[in-house]
Amino acid sequence: LYTIFLFPIGFVGNILILVVNISFRDKMTIPDLYFINLAAADLILVADSLIEVFNLDEQYYDITVLCTFMSLFLQINMYSSVFFLTWMSFDRYLALARAMRSGPFRTKQHARLSCGLIWMASVSATLVPFTAVHLQHTEEVCFCFADVKEIQWLEVTLGFLVPFAIIGLCYSLI
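FYI, the working numbering numbers position 52 of the sequence shown as 52, with every residue one higher than the one before it.
Don't read these hints as lab results, they were simulated from the structure. In this text, all values refer to a predicted model and were calculated from it rather than measured experimentally. Built from N, CA and C at the ideal position, the CB exists for glycine as well. Treat the hints with care, since some could be wrong.
As the list claims (entries may be wrong) - Each pair of labels, with its calculated beta carbon distance range:
| no. | residue 1 | residue 2 | range |
| --- | --- | --- | --- |
| 1 | Leu16 | Arg98 | 29 to 37 Å |
| 2 | Thr107 | Leu154 | 30 to 38 Å |
| 3 | Val19 | Ile151 | 35 to 43 Å |
| 4 | Thr131 | Ile15 | 28 to 36 Å |
Please work from the sequences and hints to get the whole structure.
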């Protein structure tokens, strides 16, 4: 089901977003820049999910390095997608509720900087707990199967509670 429907739709849809927006780079708006980065993050998920489908038969997770990278890519996708959606909500708030005051801050240069910071935050939110867990669970064969209950609160807080509160606040103030 995944390889027949979801992968082609996700892959083609995100590639189309990238191609169309990059083709019309001179007409690109600030939200377009965020959509390009969100599409790139979604492509990570699409690729990761396709490898997961092939893993069902081939047992690639027996390879520790692949298992670890798959977990890291999935986490980076989760954080980057949520952070981009949260930032897009904040940007909409600035554009609609604070249009006059936010003008100097809503530039393409600031949007590019924001995108870079979001990617850095996504990688950091993934690598810092991963490193801590990896150091504590050295006896585990593979990170995929490590007992990581001690960082689940961080994932729920950074990946859901804080973004949900920010998105809710932004849309309630519009």
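| field | Those earlier numbered hints the structure runs against, lowest number first | value | none
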